[in-house]
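Residues per chain, in single letters:
There are 2 protein chains.
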Amino acid sequence: MQALKDRICSEGAVLNGGILKVDSFINHQVDPLLMDQCGQELARRFAAVRPTRVLTAEISGIAPALTTAFHLGVPVVYARKIKPITMPDTVYLTVAPSHTKGRLVDLIVSPEYLAPGERVLIIDDFLASGATILGLVRLAKTAGSTLVGIGALIEKSFEGGRQALESLGVQVESLVCITQLGEKIVFADDEQGETSAS
Amino acid sequence: MQALKDRICSEGAVLNGGILKVDSFINHQVDPLLMDQCGQELARRFAAVRPTRVLTAEISGIAPALTTAFHLGVPVVYARKIKPITMPDTVYLTVAPSHTKGRLVDLIVSPEYLAPGERVLIIDDFLASGATILGLVRLAKTAGSTLVGIGALIEKSFEGGRQALESLGVQVESLVCITQLGEKIVFADDEQGETSAS
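Going down the list, the sequences are from chains A and B. Heads up: the first sequence at position 159 corresponds to 159 in the working numbering, and the numbers run straight through without jumps. Heads up: the second sequence at position 135 corresponds to 135 in the working numbering, and the numbers run straight through without jumps.
Worth flagging that the hints you see were computed from the coordinates, not collected in a lab. Check each hint, because a few of them may be wrong.
The list makes no distinction among identical chains, and a pair is therefore deemed to hold if it is satisfied within one copy or across any two copies.
Unchecked claim - In silico PhoX-like pairs for lysine-lysine, Cα to Cα no more than 20 Å straight-line:
hint	residue 1	residue 2
1	Lys21	Lys83
2	Lys101	Lys81
3	Lys83	Lys101
4	Lys21	Lys184
5	Lys5	Lys21
Produce the complete structure using the sequences and hints provided.
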């Protein structure tokens, strides 16, 4: 998606450890108009698989998941990392390694809001190694929901997330795909022309 | 706001310790259409004070702050509770007591996104004791920004937050005001007719 790509080019910063800092429009400060455009595009790409729930992980997933859910007209559930006192005693919990935190984090969803029969679309800000998304997939499957798709704003294809998700057999979409993150940010469509991930 | 009040009446649950559980449409599962309506109404109420930034606290503040910022056409900044590796070494940090966590939490904002001269509107899900909101006020003032207003989805007037904010001299708005939380949820407009907080 060109608007997101332009923004990464103008404001994204590459930090040590292959981390792309997008704190000025996604991860700390959020541009709500851009986020709405992204949600609209993700909703368009997944409308055909008829999701009934969007599932994401707090914190950075909330904004893109909310706008996607808005344009699909369905609720969004965000997995919590700490069980709040409002949750029932028995919950779905899985652990996933966090790249940016360097440790395992809990992903917790209440059975109240993820039920058998739901058609779940997972949305997150990044598709990197796929570890967080695979954690969300485990939660959806434990709940007896059907996974219908996975979408991300930004894919870092060199971290192998897409391969890790391949065996799930669902549609995987990213709005922008980055193939190299060094002194220069290289996008997939710079290398090979427009692709489904661009 | 009637739509929000109706939802609290049909789905809200009162837990021990004066906690209102709204996990099915605000705090764990989010109804994006309702959240958009709430954001539109908050934006309408604060348009005259011309905010240039919306400021909130992760996690539950993100959804209403994002939709308010969308309708105002300005960026939203959410204070983080743990400093991510993408933040600069020197940040604005304050501590605030968390009612639902029963301990102090950090609220951290990068100086990159909260600057002198900004006109800051603070938005959160709840206005209860006002402790979190006062923490956000301290961050805005430390940054040299001008506080122009404070808005919340749900006010629990019996916890005294509005009084705690009074000396700030800015417009304070809540979409729904609850005066008693016991076996029954009592709303301000049930007691005294339509008010500015209803």
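Each hint, compared with the structure:
1. Lys21 / Lys83: This pair counts as between: shortest inter-copy Cα distance 14 Å, intra-copy 28 Å.
2. Lys101 / Lys81: Classified as both; 12 Å inside a copy, 13 Å across copies.
3. Lys83 / Lys101: both (18 Å within a copy, 10 Å between copies)
4. Lys21 / Lys184: Within one copy, since 13 Å is at most 20 Å while 47 Å is not.
5. Lys5 / Lys21: Answer is within: at 13 Å inside a copy they meet the 20 Å cutoff, but 39 Å across does not.
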